[in-house]
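Asks: Each chain, letter by letter, is given below.
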Amino acid sequence: MRFLEEYRDRRWAQRYARLIARTVTRPWTLMEVCGGQTHAIVRFGIDELLPDEITLVHGPGCPVCVTPVEILDKALYLAAQPGVIFCSFGDMLRVPGSQGDLLRVKAQGADVRIVYSPLDAVRLAQRYPDREVVFFAVGFETTAPANALAVRQAHALGLKNFSLLVAHVLVPPAMEAILRSPANRVQGFLAAGHVCTVMGYEEYRPLARRYRVPIVVTGFEPLDLLQGIYLCVRQLEEERFEVENQYARSVRPKGNREAQRLIREVFEVVPRKWRGMGELPRSGLGLRAPYRQYDAEHKFALYSSGSDEPEDCIAGLVLQGIKKPPDCPAFGTRCTPEHPLGAPMVSSEGACAAYYRYRRRPSEGHGRREEVSASE
Amino acid sequence: MGRLLEGIVSALGGPPLEHRHDGAVLALPLEGGDRAAFTTDSYVVSPLFFPGGDIGKLAVYGTVNDLAMCGARPAYLSVGMILEEGLPWETLERVVESLREAADRAGVYIVTGDTKVVDKGKGDGLFLNTAGLGIVPSGVEVRPSEVRPGDVVLLSGDLGRHGIAILATREGLEFETAIESDCAPLHEPVLRLLAEGVEVHCMRDLTRGGLASALLEIAQSTQLHIEIEETAIPVRPEVQAACELLGLDPLYVANEGRWVTFVPEGEAERALTLLRDYPVSAEACAIGRVLPASEALGGLVTLRTAIGTTRTVDWLSGEQLPRIC
Numbered sequence: 001m002r003f004l005e006e007y008r009d010r011r012w013a014q015r016y017a018r019l020i021a022r023t024v025t026r027p028w029t030l031m032e033v034c035g036g037q038t039h040a041i042v043r044f045g046i047d048e049l050l051p052d053e054i055t056l057v058h059g060p061g062c063p064v065c066v067t068p069v070e071i072l073d074k075a076l077y078l079a080a081q082p083g084v085i086f087c088s089f090g091d092m093l094r095v096p097g098s099q100g101d102l103l104r105v106k107a108q109g110a111d112v113r114i115v116y117s118p119l120d121a122v123r124l125a126q127r128y129p130d131r132e133v134v135f136f137a138v139g140f141e142t143t144a145p146a147n148a149l150a151v152r153q154a155h156a157l158g159l160k161n162f163s164l165l166v167a168h169v170l171v172p173p174a175m176e177a178i179l180r181s182p183a184n185r186v187q188g189f190l191a192a193g194h195v196c197t198v199m200g201y202e203e204y205r206p207l208a209r210r211y212r213v214p215i216v217v218t219g220f221e222p223l224d225l226l227q228g229i230y231l232c233v234r235q236l237e238e239e240r241f242e243v244e245n246q247y248a249r250s251v252r253p254k255g256n257r258e259a260q261r262l263i264r265e266v267f268e269v270v271p272r273k274w275r276g277m278g279e280l281p282r283s284g285l286g287l288r289a290p291y292r293q294y295d296a297e298h299k300f301a302l303y304s305s306g307s308d309e310p311e312d313c314i315a316g317l318v319l320q321g322i323k324k325p326p327d328c329p330a331f332g333t334r335c336t337p338e339h340p341l342g343a344p345m346v347s348s349e350g351a352c353a354a355y356y357r358y359r360r361r362p363s364e365g366h367g368r369r370e371e372v373s374a375s376e
Numbered sequence: 377m378g379r380l381l382e383g384i385v386s387a388l389g390g391p392p393l394e395h396r397h398d399g400a401v402l403a404l405p406l407e408g409g410d411r412a413a414f415t416t417d418s419y420v421v422s423p424l425f426f427p428g429g430d431i432g433k434l435a436v437y438g439t440v441n442d443l444a445m446c447g448a449r450p451a452y453l454s455v456g457m458i459l460e461e462g463l464p465w466e467t468l469e470r471v472v473e474s475l476r477e478a479a480d481r482a483g484v485y486i487v488t489g490d491t492k493v494v495d496k497g498k499g500d501g502l503f504l505n506t507a508g509l510g511i512v513p514s515g516v517e518v519r520p521s522e523v524r525p526g527d528v529v530l531l532s533g534d535l536g537r538h539g540i541a542i543l544a545t546r547e548g549l550e551f552e553t554a555i556e557s558d559c560a561p562l563h564e565p566v567l568r569l570l571a572e573g574v575e576v577h578c579m580r581d582l583t584r585g586g587l588a589s590a591l592l593e594i595a596q597s598t599q600l601h602i603e604i605e606e607t608a609i610p611v612r613p614e615v616q617a618a619c620e621l622l623g624l625d626p627l628y629v630a631n632e633g634r635w636v637t638f639v640p641e642g643e644a645e646r647a648l649t650l651l652r653d654y655p656v657s658a659e660a661c662a663i664g665r666v667l668p669a670s671e672a673l674g675g676l677v678t679l680r681t682a683i684g685t686t687r688t689v690d691w692l693s694g695e696q697l698p699r700i701c
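Taken in sequence, the protein lines are chains A and B.
Residues in the first sequence are numbered from 1 upward in steps of one, following the numbering used here.
Residues in the second sequence are numbered from 377 upward in steps of one, following the numbering used here.
I should point out that these hints are in silico values taken from the structure, not numbers from a laboratory.
Don't take each hint at face value.
Stated by the list, open to error - Derived DMTMM-like pairs (lysine to aspartate or glutamate); straight-line CA-CA distance at most 20 Å:
{"hint": "1", "chain 1": "B", "residue 1": "K492", "chain 2": "B", "residue 2": "D480"}
{"hint": "2", "chain 1": "B", "residue 1": "K496", "chain 2": "A", "residue 2": "D111"}
{"hint": "3", "chain 1": "B", "residue 1": "K498", "chain 2": "A", "residue 2": "D312"}
{"hint": "4", "chain 1": "A", "residue 1": "K254", "chain 2": "A", "residue 2": "E238"}
{"hint": "5", "chain 1": "A", "residue 1": "K106", "chain 2": "B", "residue 2": "D500"}
{"hint": "6", "chain 1": "A", "residue 1": "K106", "chain 2": "B", "residue 2": "E547"}
{"hint": "7", "chain 1": "A", "residue 1": "K254", "chain 2": "A", "residue 2": "E239"}
{"hint": "8", "chain 1": "A", "residue 1": "K106", "chain 2": "B", "residue 2": "E695"}
Keep in mind it's a predicted model, so treat the numbers as computed, not measured.
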């Protein structure tokens, strides 16, 4: 496949690994921000190619993982209402709320549908005018433009039966929260390439300056990651703290202006609660007043369950790079993909899921949920 | 009901079915040392028709292939149908026609069957079950316990087309190139290997759970270590692209016309040459080998990645669900 095999070339990977080893003179801890990057690192064993001095810790860039339990509870409540068609991307379905997950609500007869685009949900609202269609708008800056477009389209069509349960979050405030934390150990960032494709990377410059931390915008293939790590280590060794763009084949300094315009038109910046990290100021997106009628929380007068993730789940520490999944006493024992304590164990971008899938000795046979589910 | 049965029997009818008895009375052509293989599978695919196949073909080839994986020559099939009230006649006729065509192509007789109609809402259009009987020739011992350290793992062709074709049709996803299911009967190349005396230790078709699950089953039942090479595993560019986009791993995507064969190293080249004679296995290749069971690695499947590192291949938890971004 074009633009894939090239970035998985064994000789180039070994060459970059040697280059990194020659550059490094002391220990450094780097964080890859995005869960897609975490999975590539663990799946391809990129950390195994690195010299011992370099520690990779995994960041908060998994939208499923950072969605707090109380929003999950709202999703579960809405999905169970008669007349509601609840639409979600697939990997949200196994994430536990305080009372089960969307798959369980679906097994109990709720109309929960996996969609591939928020526009599919708009089409469902057109097709079923007597049903309420709710789309679970989860994600970072990457999914926000399409979700904004869906709201605009529903508005243009005059749909009264379409709404979003909004859980949008923003990357830079989370990075800043990590840097400000007294427990922080991150010395350099690999920023999320796809978020920067939309947003550009100008907003990272003040962060790099203020916290004296190199930020390298990085892609998702093995060679992208190795090159991103190399650029980051080189800056650290040379005591430079700049924003660099490794993912130039996709990312422009100012990003995608049209997409940003769409986001700004429909959404405004709001405070948002993150799983295990609490409420962060100016860290999320909510619908602007003219689009309030498409806000499911408003429309269905939802109130917060106030629930948090279970106490023995260390998702918050994992998402801030303070702990790694195998450091968790519940990892692989009380917390498995079949019986997760927290979202990082079930999301396709979750750090715990990556370690469970690629680093653990597979158990004999499959685990099992409590009731028969369509996903068996 | 009478009309339903009449239509199906006359469309499918081989000799034993024509007797309209409660069951088929069969003479099995067994010679000294031959054994019968018997298998069953149910088919609940949605949509019923998809690029490269339909539920009828799946139901025949799926069971024929399960027999072939035992080293059996497929002989007889049964077909059970569960129809949901309101299923259009035309749909049923198309499926029955497809069952007949597939049975003809695979050289098997449909000798007994059953239909039930359930209330609207209690089924999803049409469910099928087939059971199959086949003959395993004397001397053929094809099963996981025959796998030995040093065996080479042969894969019959590219991975993932069936699963992606179904997903794309069901969800209305459009890709630049239409992806067709690989749904096909596999008994001809399999029987050829056996007829030519290739020392086949084990075979497994790569249906639900894909290549990864099939290899894991064999590794765990033998407690041997199977090592495969990522770059040796063929995946078509359009399937790879769809998987990248949806966050799916082709190692776990279902196939309906792919299987792995375990043979001793000395037999691998000859087996590949024979397999490549057939369109369904024209791209057969070696993807890995079986290593002795060591304390640490017995029962494991490991993968040498494209960049030269090694990781374990784990069971999938449930089905793969497409990701957010």
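Asks: Take the hints in turn and mark each one as holding or not.
Replies: Here's how the hints hold up against the structure:
1. B:K492 - B:D480: Roughly 25 Å between the alpha carbons, so the hint for B:K492 and B:D480 is violated.
2. B:K496 - A:D111: Given pair B:K496, A:D111 holds - Cα atoms ~18 Å apart, limit 20 Å.
3. B:K498 - A:D312: violated, 42 Å
4. A:K254 - A:E238: Given that 20 Å is the threshold and the Cα spacing comes to 27 Å, the pair is violated.
5. A:K106 - B:D500: holds, 16 Å
6. A:K106 - B:E547: Holds - the C-alpha atoms of B:E547 and A:K106 are around 18 Å apart, at most 20 Å.
7. A:K254 - A:E239: violated, 26 Å
8. A:K106 - B:E695: Satisfied, since the Cα-Cα distance of roughly 15 Å is no more than 20 Å.
Comparing the model with each earlier hint shows violations of hints 1, 3, 4 and 7; every other hint is respected.
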